[in-house]
Amino acid sequence: MPDVKLKFDGREIALSGGVTSLGRTTDNDVSFPDDANVSRQHAEIESRNGEYVVIDLRSSNGTTVNGERLTGERYLAPGDVIMLGGTSRIEFAESTNGSEPEPDVEAPKAEVAPDVASTPSAPEAPQAEAASGGGSKMLLLIAGGIACVALFFVLIAGGIFFFAGSSKGGGSGGTSGGSGGGSGGGGGGGGLFSNIFGSPCTAKASITKPETGDTISAPTEISIEVQDGECVSKAVFTIDGNEFASVVEAPFTATIDPKEFPDLSDGVDHSLGVVLLDEENNPVGENPPVMLAFETRAVTKPAPGPEVAQTNSQQSGQSTSSTKAVALPEIQDMSTRLVKDLFKEQSYNVSNKQFLTEVQKKTAEYAQEGYYERAAKYSDVIKVSFVGEYNVKAPLAFILAMSRSKFDPAAVGVEEGLWRMSSEFITASGYQGTCGGMAINDPSQGCAAKAAAQYMKAIITSAPGNDPIYSAAVFGKSTSDAAIWFASLGQNRTDPWSTIKSDKERDQLVRFFAAGIVSENPQRFGLKKTPRLSDLYRNAM
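One point on numbering: in this note's numbering, the residue at position 394 of the sequence shown is 394, and numbering is uninterrupted.
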């Protein structure tokens, strides 16, 4: 292929092999910093065996070549037009002869003058030239010396100025070593030399919210903890090293909105960092970043698929219902409303895509007719034991039973009853005495309800903030093991999925939400004749 170039925005660059990067930020070989439709790293042009290939880097708004959508890569030919994001145009063209070497043209030679007798002054010319050179060197030495002296006096004067100014700020304590004067004077001296010798500020910061592993899908507040922050004048927040926000007042909180970073929804973790600046705008401390994922693109609701038959576990003759796919945005909305309506005093972030996907998968297991009728049969005994005797919230009791048994008390292995507990566990935990001689498999479910209510009361009491969601996730552990597990969760527990790392507890969390959103939105899951489960306990909330 002949020599080629890229033409864009009235400019040109020649391609000479290797990889040429195209994008919005100025660190690209070809950049369009004012075009929001172009991704930060949008595409590349790569040289291969004398040919050139354009590759789209999973950009948000795509790339076209001659009006055709680019999927993957495409070989280029002179005259091809590349559009980034539909708005920034690049032409792939042959280089013109402007780049060809100009023909050699011999410069005219100076004529040689005939020999002429030298004049007496001719031998003095070399001496004059040497004298001129020596004089120039001397002048340079003198000028350098003057500059050094001037710099010395500037530093001295600056020191006097800063120390004097800081002494005024220190007030009466300036010479006595009191806290006001000592601090003021020290601040002035540090301000003068901080740019030369480094900042005396020893502040450090750590990002406490969001946490590593979180997925950002909505505007999220960034919180930091600062140590020794008296000397900090500003906190600068960065994504992948690029500044996007700065705050000049403590407690230095900011907000990150994923809509401002549409090209970061790429399935890759990105670095959220904070840089502290002292009063002289010098960066201080080493502040570790957190790694985040972004979910910024709109999720397209899938077209209605074929109806899926669901089997009625009661086998009452009319044994089927049907449901259509429920998209992730709806799953998120239902999950948000579930915790808002039923656990008003708690605040959770349930936007994690992986969590919502797992909940979505589990909903089919609970979207089966018959659970409401079974729940109605045991409604009174549940409310008496949980709400009346142990003051455990009714939504937790009912949704927990739904998640564990769908209100079918039949034994599964050694576990039985509405909450799937074993006789050995109840006896070892000391709850058998509350049953008054009844067994856990008593048809009334009185023993199962009493034991489960007493157990959940103990778990909730040891949970941080008496949290019902984490209590549901840890169901089945002894109270001592549950307390140890709670202590391992960390300070920020707003996002349950990111907080919980163990598989069993994650599964129980997912089941709790799947059971809850199906039972509160039965019609949406194809259960046209099933009332909401909360109708059974609304008056007990």
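Honestly, the hints are just simulated from the structure, not real lab data. Note that the Cβ used here is the ideal one computed from N, Cα and C, for glycine as well. Take the hints with a grain of salt, since some may be wrong.
Straight-line C-alpha distance at most 20 Å; calculated DMTMM-like pairs for lysine to aspartate or glutamate [claimed, not checked]: (1) Lys406 with Asp481; (2) Lys504 with Asp535; (3) Lys362 with Glu424.
Restraint-style ranges between C-beta atoms, simulated for each label pair [what the hints assert, rightly or not]: (4) Ser478 with Thr357: 40 to 46 Å; (5) Thr71 with Glu249: 44 to 50 Å; (6) Asp34 with Glu73: 25 to 31 Å; (7) Gly241 with Thr494: 23 to 29 Å; (8) Glu73 with Gly241: 41 to 47 Å; (9) Asp442 with Gly388: 37 to 43 Å; (10) Asp9 with Asp240: 21 to 27 Å; (11) Thr208 with Pro33: 20 to 26 Å; (12) Val247 with Val414: 53 to 59 Å.
Evaluated hints:
With a CA separation close to 26 Å, the supplied pair lysine 406 and aspartate 481 exceeds the 20 Å bound. The straight-line distance between the Cα atoms of lysine 504 and aspartate 535 is roughly 30 Å, outside the 20 Å bound, and the hint therefore fails. Only pairs whose Cα atoms come within 20 Å are accepted, and lysine 362 paired with glutamate 424 is rejected, the gap being roughly 29 Å. Range check, serine 478 to threonine 357: Cβ separation about 31 Å, and the 40 to 46 Å hint is violated.
One distance hint, 44 to 50 Å for the beta-carbon pair threonine 71 and glutamate 249, holds here, with the actual separation near 48 Å. At roughly 27 Å, the beta carbons of aspartate 34 and glutamate 73 sit within the given window of 25 to 31 Å. Our hint of 23 to 29 Å for glycine 241 and threonine 494 holds, since their Cβ atoms are close to 26 Å apart. The beta-carbon spacing between glutamate 73 and glycine 241, approximately 28 Å, falls outside the hinted interval of 41 to 47 Å.
In this structure the hint that aspartate 442 and glycine 388 lie 37 to 43 Å apart at CB is violated, the actual value being about 18 Å. With their beta carbons about 25 Å apart, aspartate 9 and aspartate 240 fall inside the hinted range of 21 to 27 Å. At about 33 Å, the beta-carbon gap between threonine 208 and proline 33 misses the expected band of 20 to 26 Å. Here the CB-CB span from valine 247 to valine 414 is close to 56 Å, well matched to the stated 53 to 59 Å.
The earlier numbered hints that this structure contradicts are 1, 2, 3, 4, 8, 9 and 11.
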